[in-house]
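Peer 1: Place chain B on chain A using the hints.
Order-wise, the sequence lines are chains A and B. The opening residue of the first sequence carries number 1 in my numbering; numbering runs sequentially from there. The opening residue of the second sequence carries number 1001 in my numbering; numbering runs sequentially from there.
Think of the hints as simulated: they come from the structure by calculation, not from any bench. Note that the structure is a prediction, hence the values are computed from the model and not measured. Quick reminder that beta carbons are idealized off the backbone N, C-alpha and C, glycines included. Careful, some of the hints might be misleading.
[As the list claims (entries may be wrong)] Straight-line alpha carbon distances no greater than 27 Å define the calculated BS3-like cross-link-like pairs of lysine-lysine that follow:
1) A:K295 to B:K1060
2) A:K235 to A:K222
3) A:K366 to A:K6
4) A:K6 to B:K1088
[As the list claims (entries may be wrong)] Some but not every residue of chain B turned toward chain A, in silico, with C-beta under 10 Å:
5) K1087
6) P1100
7) I1110
[To be verified] Interface residues of chain A toward chain B, partial, derived using beta-carbon atoms under 7 Å:
8) G3
9) L7
10) D15
11) K18
12) K102
13) A291
14) I292
15) I294
16) K295
17) L299
18) I375
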Amino acid sequence: MKGILKLGFKLLVNDKAKFSALILGITFAVYLMMFVTSMFFGVLNHASANIINVGSTIWVMDPYVESVSNSVGMPNYVLDAVRSMHGVKYAVPLYSGGALVKLPDGNYQPVTVVGLDDTSLLGRPALLEGKIEDIYAESGFIVVRDAEFSKLENPHIGSEFELNDNRAVIVGIAQVATSGLYGIPTLYTTYERAIQYIPNPRFTISYVLVEPKSMDDIPQIKQQVEALGYQARTKEEFMKRTEGFFIYKTGGGINILIMTAVSFIIGLSISGQTFYTFILENLERFGALKAIGIKSRDLIGMILFQATFTAMTGYGMGVGACVLLIWLAKLRLPSYAAMLTYASLVIGFVMVAIIAAISSYFGIRKVLQIDPFSIFRG
Amino acid sequence: MPHVAIQAKGLEKWFGEGAAKTTALRDVELEAYFGEMLYIVGPSGSGKTTLLSVLSGVLKPNSGSVRVEDVDIWSLEADRLADFRLKKIGFVFQDFHLFPRLTTAENAAIPLILRKKDWDECIREAINYLDIVGLKDRADLPPVKLSGGEQQRVAIARAMVSQPDILIMDEPTASLDGDTGNAILSFVYKNVLNSNRCIVVVTHDNRIFEFASRILHMEDGRLTTAEKGKA
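One chain only, chain A, in its complex shape:
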C-alpha cells in the first residue's frame, strides 16, 4: 500500500498548479475559520475578565444580571442575609462600575473601578509594585498594568489624577490574569471609597462574593439565595452566563456562525471543485489503472490519501497563518482579543475533515463509476 500511496502523492503534488490551488483554498478557509473562532473565544474570555480576576467561588447577584459588566445594584440587607445563611463561610460586597478620570494633560479617560471589601480585600490583584495595605491610604487606588495602562499616561506610585472630581493617588501597580473587553484601564480601591467617589443609585452592592464552608454547601446556598429573590452562581456558571449573553444576545454568536459557514463554503467550493477537476483530468488514467488491475479498495485508499494529505497540509498552514497573524497583532496591540483555543482547533479540524470527505466522496464515486472498457473504446 505504501507504494500506491506514494504514487497518489506524486500524482497530486506533481500537478503543481492544482495542488497549489487546493492548498491555498483549504489554507484560506482554515485561516478564516480559525481566525473568527479565535476572535470570538478571545472576546468571551475577556468578557469574563472580572470573574476570573476576582476569583470568588460564588457570586450573588440580581437575577436579571446577564454579564459581569452589567450589574444591577442590590440593597445592603442582601449582604446581611447571605452572611447568615447555612453553609456560608463568609460573604463580602463587591462594587463594579465605571468612572471618568481627568488626566494631568486635561484629557478624560473612562476607567473601570472595582471596589473591594474594606475588611477582607477579597478579590485583590497581585501587586507588581507597592503594598496592598496602602489601598487604605487617603485617595488610594491601585492601577492594573495591562494593555490599557498607557491610557492613564503610564502612572507610577504617587501619580495623581482626578476621578469624578475627587483626588486619586496611585499606591500600587498590579497585574491580573485577563484584561477587560472594553479597552479601558482598571482601578482597584476599597468598596467604601468606590461608592463615595462614584455617583450611585440607591443600591450600591454590585455583587456579594461568597465563600462556602464546603463545596457540598453550594446547592443549599443557591436555594436560600433564590428564596431571597436573588441568584447565586458559581464562578463557572457566571462565566457561562456571560458567554451566553455575548453569544446569543449581542449578535456575536450568529455572526461567528455565519463567518464560519462562509469560510467552510469557500474552502469546500475551492478545494472540492479543484480536487474534482483533478480527478476528472486523470479519469481515463484511473480507468487504465483499473484495467491493469488495481483493486477498488486500493484506488479508494489512494484518493482518500490525496484528499487527507491536502486537507491536513492546508489545515497546518491555515493554523500557522492564524497564529502568525495573532502574534503580529499582539505585538502592536497587546490586548488584542483573539485567542487560539482547543475548541477553535477542533472546529477547524472537523470542518477540514468534512471538506476532505465531501471532496473525496465525489472523486471516488466518479472513479468507481468509470468502466475500464471505456479506455479501450478511446
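Peer 2: Frame of chain A; chain B shown alone:
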C-alpha cells in the same frame, strides 16, 4: 502442439435493451496459443475491441466463457479478477494512457507498484525494461517530453514489466505514423514475443500484418475467417 493461452466459448455480448439493443459479439469461439501473435482485424464497429475486453477480463460477456491459462476468469470475483489481470495480463492501450505528471520510469513501474512491491525495486525493474525498449536515457523525463513512438514504447515497457503471460495490444499503431508503427510491432515481434507468451493484437492497420502468426477476421460481431500470418 502449442499450449492454449486463451480459450473462448460461445461469447455473446450486447449493449442496451429493447429497441436500443446492439449486439457486439455473437457466439464467438476462439483459441489463442502461447508463442503466437494473434491479430483480430475487421472494420470499425465489428466488435474487435469488445472481444479484446472480454478476453482480457475487463468487460463481462452476457454469456459464454473465457479461460485464460485454464482459469475461468469470469467466474472470479472482482478483486481476484483484478489480481489475475495484474499478474497475468499486460495492456498496451491505443492512447497509451501514461500519467503526464509521473516520470517515464514511474509510469513503466505502475503494474509492479500496484502489486505492492518496494518502490525503489519497482523503479529499478522499470528502468531495466525501459533499457530493453531503448529509452533508458529518458527514464527521468515526463511522457509529454517523448514522441508518440517513444510513448508507445513506454506503454510496452509498462505492459512488460510484470512479465505477463498474455499481452493485449489495442490498436497499437493508431496514434503513430506508418514507419513508427511498423518499428514498434517489429520490436514487439522480435523482443517481446516468446514461446511462453501470447500476444493478442486488435488492429485495422494492414501495414503491420506481416508480424501476425494468425489473423482472425471479424465482422458484425462474428469471427468470419481465419488465415495464417506471414510471421
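Peer 1: For every hint, state whether the structure bears it out.
Peer 2: Here is what the structure says about each hint:
no.: 1; hint: A:K295 to B:K1060; result: 17 Å, holds
no.: 2; hint: A:K235 to A:K222; result: 13 Å, holds
no.: 3; hint: A:K366 to A:K6; result: 21 Å, holds
no.: 4; hint: A:K6 to B:K1088; result: 24 Å, holds
no.: 5; hint: K1087; result: 8 Å, holds
no.: 6; hint: P1100; result: 9 Å, holds
no.: 7; hint: I1110; result: 7 Å, holds
no.: 8; hint: G3; result: 4 Å, holds
no.: 9; hint: L7; result: 5 Å, holds
no.: 10; hint: D15; result: 5 Å, holds
no.: 11; hint: K18; result: 10 Å, violated
no.: 12; hint: K102; result: 70 Å, violated
no.: 13; hint: A291; result: 5 Å, holds
no.: 14; hint: I292; result: 6 Å, holds
no.: 15; hint: I294; result: 5 Å, holds
no.: 16; hint: K295; result: 5 Å, holds
no.: 17; hint: L299; result: 10 Å, violated
no.: 18; hint: I375; result: 6 Å, holds
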